[in-house]
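Trainee: Sequence:
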Amino acid sequence: MGALDKGARIGAVDTTRSAAAAETRTPRSGGLHRTGAPVRRGSVEAGTVEDSFFAVPARGETDRLLRAARAALDAGRRVRRTARAEGRMLEAAEAALAGLTAGAVRVFEEICTLARLNGGKVFPTYDHLAKATALGRATVARALAALEAAGFLLRQRRFCRTTGVGPRYRQTSNIYRPLLPGRLLRFLPRSLRPAPVPCDAVVHQRQAAAELAAMRAMLSCKELAEVTLGGALGRVLASLGAAIDRAACESHFDPQPLSESYIKTKNVVGLTGQRHPA
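For the sequence shown, the numbering used here assigns the number 2 to the initial residue and increments by one for each residue that follows.
Hints are not guaranteed to be accurate.
Listed below are the simulated SDA-like cross-link pairs for lysine to any residue, each with C-alpha atoms no more than 20 angstroms apart in a straight line [to be verified]:
| hint | residue 1 | residue 2 |
| --- | --- | --- |
| 1 | K223 | A239 |
| 2 | K122 | I176 |
| 3 | K223 | A249 |
| 4 | K122 | L180 |
| 5 | K223 | Q206 |
| 6 | K122 | F188 |
| 7 | K223 | R207 |
| 8 | K132 | N175 |
| 9 | K122 | R107 |
| 10 | K122 | S174 |
| 11 | K223 | A196 |
| 12 | K223 | V204 |
| 13 | K122 | A103 |
| 14 | K122 | Q157 |
| 15 | K122 | L213 |
| 16 | K122 | N175 |
| 17 | K122 | G61 |
| 18 | K223 | D246 |
| 19 | K122 | K223 |
| 20 | K122 | T49 |
| 21 | K122 | S240 |
| 22 | K132 | R107 |
| 23 | K132 | A150 |
| 24 | K223 | A243 |
| 25 | K122 | A139 |
| 26 | K122 | G137 |
Ranges between beta-carbon positions, derived for each pair [unchecked claim]:
| hint | residue 1 | residue 2 | range |
| --- | --- | --- | --- |
| 27 | A210 | I245 | 20 to 30 angstroms |
| 28 | G61 | E149 | 36 to 46 angstroms |
| 29 | A233 | R81 | 17 to 27 angstroms |
Simulated from the structure, these hints should not be mistaken for laboratory data.
Virtual Cβ for every residue (Gly too), placed ideally from N, Cα, C.
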């Protein structure tokens with residue numbers, strides 16, 4: 002009996018040592034590094050992207066978007082019924098359209114209402130959407146995912162800094178922007194499709210894009226990071242770009258040739274070889 006107790010104590014000590022070693026073990030290089038901060042993947046800092054993300058809807062635009070969402074719900078049901086009758090699989094666009102539900106359209110209606118009342122600035126919490134639509138949080142989450150997959154919604158996660166004890170960051174409400182998906186227009190009635198863009202507007206857009214690309218090509222690495230990005234990531238990339246710019250200015254691996262070095266003269270040496278003898 003004594004031998005059994007001794008063996009049990011030794012096993013308990015080994016288990017404790019292995020658990021302590023696992024806790025103090027350093028993570029592998031390149032492995033998953035968990036910081037413990039409750040921030041979801043793809044989040045950006047609040048206050049850095051709102052100005053470029055939000056857009057003030059035009060007069061009557063939210064009503065047109067809501068009518069398009071309701072028509073898309075009916076079209077998705079027709080597509081699902083037709084595919085079931087033909088015995089075929091749904092395409093990617095058809096599957097996204099068939100994924101819409103009545104709850105998703107109700108959530109989209111609330112988002113369009115907030116966009117109309119707040120000038121396009123939509124950042125409700127899940128609790129607000131659940132209370133306004135009389136749906137559960139899980140249903141709201143599935144509805145937002147379905148709207149985003151169909152292209153009716155653009156969503157961006159955000160986090161904010163905190164003070165005091167605990168993590169330095171915390172997750173805050175997402176920001177939303179209602180859209181009209183271009184890939185689903187062929188399933189909607191003709192009355193809900195937008196008018197085609199005039200040819201001169203297309204030419205102007207192409208010229209503006211070319212001018213923007215030419216302008217960005219003339220910027221330094223630091224200026225390019227400041228123009229294209231913002232927030233903490235933009236500041237970090239701007240500092241890296243400034244270091245790259247300094248290194249490029251201090252070192253030259255391709256010396257410039259003399260402008261008149263192709264002129265060959267006789268009985269002349271040194272730099273005077275660039276000039277014709279008198």
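Trainee: Starting from K223, check that the Cα of D246 is at most 20 angstroms away, please.
Mentor: holds, 7 angstroms
Trainee: Between the alpha carbons of K122 and I176, is the straight-line distance 20 angstroms or under?
Mentor: holds, 8 angstroms
Trainee: For a C-alpha distance cap of 20 angstroms, please report whether K223 and R207 respect it.
Mentor: Measuring from Cα to Cα gives roughly 26 angstroms; hence the hint is violated.
Trainee: Hint check: K122 vs R107, CA-CA at most 20 angstroms. Holds or violated?
Mentor: Judged against 20 angstroms, a Cα distance of about 19 angstroms means the pair holds.
Trainee: Sort out whether N175 lies within 20 angstroms of K122, counting only the CA atoms.
Mentor: holds, 11 angstroms
Trainee: Just to be sure I understand the hint, the distance between the Cβ atoms of A233 and R81 should be within 17 to 27 angstroms; is that true here?
Mentor: At roughly 44 angstroms between Cβ atoms, R81 and A233 fall outside 17 to 27 angstroms, so the hint is violated.
Trainee: Between K122 and L213, does the CA-CA distance stay at or below 20 angstroms?
Mentor: With a Cα-Cα distance of about 27 angstroms, the restraint between K122 and L213 is violated, given a limit of 20 angstroms.
Trainee: Please verify whether K122 and F188 have alpha carbons no more than 20 angstroms apart.
Mentor: violated, 29 angstroms
Trainee: So if I understand the rule, the pair passes when the alpha-carbon distance is 20 angstroms or less; does K223 with A239 pass?
Mentor: Holds. K223 to A239 sits at ~4 angstroms (cutoff 20 angstroms).
Trainee: Holds or violated: are the alpha carbons of K122 and A139 at most 20 angstroms from each other?
Mentor: violated, 24 angstroms
Trainee: Taking only the CA atoms, is the gap from K223 to A196 under or equal to 20 angstroms?
Mentor: violated, 41 angstroms
Trainee: Can the restraint linking K223 and A243 be considered satisfied, given a maximum Cα separation of 20 angstroms?
Mentor: Cα-Cα ~5 angstroms, so holds.
Checked against the numbered hints given earlier, the structure breaks hints 5, 6, 7, 11, 12, 13, 15, 19, 21, 23, 25, 26, 28 and 29 and satisfies all the rest.
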